[in-house]
Amino acid sequence: MEQLAIILMDGLVYASWLFLISAGLTLIYGVLRILNLAHGSLYALGAYAAASAVLFYFDRGLWPPGSYVALLGAALIIGIVAGPLIERGLLRWIYGRDPVYQLLATYALFLILEDGMKLVWGVNPYYAYRPYGLLGTVQLGGIPYPGYSILLIGVALLAGGGLSLFIRFTRIGRLVVAIIHDPEISVALGANVSRLFLLTFTLGTILAALGGAFTAPMISVVPGLSVEVIVLAFAVVVIGGLGSLEGSVIGALLVGVVRSLMVHRIPELELFAIYLVMALVLLFRPQGLFAIEEVRRV
Amino acid sequence: MDVVLETRGLTRTFGRVVAAEDVNVQIRSGERVGLVGPNGAGKTTFLNLITGYIRPDRGRILYRGTDITGLPPRTITRMGIVRSFQIPQLYPGLTVLENMLLAIAARSGRGMDFWNPLRREHEVAEAMELLAAFNLADHAERPVGELPEGGRKLLDVAMALALRPAVLLMDEPTSGVSTRDKFEVMEVLMEVLRRSGVTTLFVEHDMEVVYRYAERVLVFHSGRVVADGDPQTLFADAAVRRAVLGWE
Amino acid sequence: MKLHRLGGLILIVLFVGLGLLLPGWSRFLLTLALARGLLVLGVVLLMQAGLVSFGHGLFFAAGAYAVGFAVRDLGVRDAFLVAILGAGAGLGIALCIGPLLARYRGIFFAMLTLAFSMILYGILVKAYRITGGTDGLRIAPPAFLGWSSPEEHLGSVLYLFTLAATAGMVFLVFQYLRSPLGYTMRAIRDNEVRVEYLGLSVSRALYLAILLVGAMGGLGGALNAMSVGHVDPNLVYWTTSGEFVFVALLGGTGSVFAPLVGSIVFEFLRTYAYKYIPYTWQMGLGLIMLAILGFAPGGLWTLYELIARRMSGWTWSWKRGA
Ligand SMILES: Nc1ncnc2c1ncn2[C@@H]1O[C@H](COP(=O)(O)OP(=O)(O)OP(=O)(O)O)[C@@H](O)[C@H]1O
Ligand SMILES: [Mg+2]
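Residue numbers (my numbering), protein chains in the order written: chain A, 1 to 298; chain B, 1001 to 1248; chain C, 2001 to 2322.
Bear in mind the hints are in silico, worked out from the structure with no lab data behind them. Take these hints with a grain of salt, some might be off.
As the list claims (entries may be wrong) - So the derived label-pair ranges between C-beta atoms look like this:
{"hint": "1", "chain 1": "B", "residue 1": "Arg1060", "chain 2": "A", "residue 2": "Gly154", "range": "52 to 60 Å"}
{"hint": "2", "chain 1": "B", "residue 1": "Arg1016", "chain 2": "A", "residue 2": "Gly154", "range": "35 to 43 Å"}
{"hint": "3", "chain 1": "A", "residue 1": "Tyr127", "chain 2": "C", "residue 2": "Leu2100", "range": "35 to 43 Å"}
{"hint": "4", "chain 1": "B", "residue 1": "Asn1039", "chain 2": "A", "residue 2": "Pro183", "range": "19 to 27 Å"}
The structure presented is a predicted model; accordingly, all values stated were derived computationally and were not measured. Backbone N, C-alpha and C fix where the C-beta goes; we use that ideal spot for every residue, glycine too.
Whole structure, please, built from the sequences with the hints as guidance.
Below is the structure:
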């Protein structure tokens, strides 16, 4: 019983993390129709920026709980600077191009960012664990659990909640949904579409950076984070259906719980958990759980 | 006469749109049938259903008595039911000749041949002959992407013909083709089809073409077949003319 | 056709001469470039069908580790046998994952190949009892049908062996690309619907291509491993696969020789780059990639074609096979 609770809790924490790294990817794909292979690098950027911000913050000897604001700030800054830079500088040149071309272009971006980060932050690991320790452990029905993990769930909930509010109750948000369901609309939209794409990409970047920033205190930030993240995020997104936000929530939960189950029961297979879920889903619903199968008119 | 193709209660919806509703049709061997009806009537959907591009929600499709419902286009094509498309489905990166040669190679069972060249003398000769029949011989070495709309339309039909079908389904074969070429090409095409006894169904908006080349006409409306008969009788029917064809 | 054969022959003679004249280290680089060129050729082949493989290291490592295991566990040292084993290992992997891969296109294909390669990387690192973990395996110098080359000539012999194997594969790919099945690959990229409506099976055509590419990649891995004398998990790390994609783009798809030319240029480029810009190597690749995409989508081969247009006639090209 107790073990089940832990498995579920661990699964939920992992799912929160997966949601943060995949929501932006699917949102960007849904609107821009580009799968950004550099999404993992945006995550890594967020992690590096957050680590630097936290270390800087504690060096000043400032009030410790304020470091969470530093994490958030780092993510926002990365999103707001890198997002528009990439969208204006690269992506807008490749909209509507051959998918192979887009794939190669974002791959190139990924390579550039990878080394760019090494240039700025070097190759030695950053440890920014202080915010993690601050929250200690909390008792969940008698089971001690790391407080920071609860915080991560909170961040994911807030991000997801905010996103769904934005989509449901703002004009731009509704436009985003409309385009996800029918890409043709973006053609009809004309000039405004350019701003919408910019906004969406920036939002997606913020989400990725947020994921990285709040993960930074839990890990050692080293080069090479990006690849794993992009593959995991893609798997989650595919399970839910490319471009579907609901899908990424379900995909994250599914993978989160399955992985946690494996970690506790058959640890040798942990590495394969996500791919197993992905393979099973794709076997029965090649377009993912939530995407609608489209028939090309002939 | 023997029935080649038969549909029973064929029904298919897209969301709220009923694109085919209880379609029951029997096509006899060697018949040349025109499919007519207003835009969105379900003519293309009918061809899509027969060739397995989309699956029916309900109903069956029989080919020479065999149930072919749910089979993929590839299998149905190999059985001899071949189609051409309303929007030409070509390989823009290849030349006109290469498009034809691939069709011919597929027909000769060389689709999985990975050793002998695609260009073989007798196959090139056959392709050129077909292209000539469609006034495309001069464009043989041009990339398909450079062909004008009418030319692509004709190439699409020529590729279908190269498969030597038993049943040929054509979706508006001459739309986008200039009026002058239209009858010239149709004349040759229909003559070839008649001579080789190919059962032919063609969707057509030009009633003059239908009148000239169809022995039987199926009128589609809102996914249903609302009239079925020979063109003379049908086009004389005032109700069909006004409500369905939009003629006076 | 005669002229084409002649062109190929001239090239082979040229390469033989080059390899024997060049100093040891550049002959070594040339050997690696040819072996890796087989992987790049595979990437380019799949690109014909509109598929980008970001996990080509999978086949590379499969072939290389097959050599490693064969030498260590089976005591097999014969280069021919080892090369066949390598190709077999690549083919084996392709046989297993091919049916799944053949169902996917675009980003799905790209990410699935990447995922598979990362799984293999994970396994190679973790199963260190069998694979030697990150240290990898050492490979003793091969023998050739019972004959062991004297130490000082081993490099040349391996070079000639690699050259022969590569030439054979290039010829195979050339035949393949101008065959109906080869054209079907390009047809798939253009319009899958019509391929099926010709009665051809898209997934079968792709599966066969993946098998060919897998076996060729395995062979490349084996050849590479024999020359380097060592295998480690980096062979299947994403950076390796990424380099194959890069070289594919660099060489361009203008000819069956383009991937090899790209591979040779790349191999020499990298040696210098590692010396001068060790930390910005990937970044350099990314920037060059963007430049190629933006200004010369045909890759280096476009340059060549500009020159060769005048003396046209005897090159093997993708587009006009005959
Ligand atoms: N793949 C699809 N997805 C959604 N709706 C479809 C699809 N295919 C057809 N429809 C709808 O089904 C109806 C019938 O379409 P269909 O293309 O069969 O008409 P048609 O008779 O061929 O018309 P036209 O003369 O314009 O070619 C239309 O309302 C169309 O919008
Ligand atoms: Mg139609």
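Comparing the hints with the structure gives:
1. Arg1060/B to Gly154/A: 52 to 60 Å: 56 Å, holds
2. Arg1016/B to Gly154/A: 35 to 43 Å: 42 Å, holds
3. Tyr127/A to Leu2100/C: 35 to 43 Å: 40 Å, holds
4. Asn1039/B to Pro183/A: 19 to 27 Å: 23 Å, holds
This entry satisfies every hint, going by the numbered hints stated previously.
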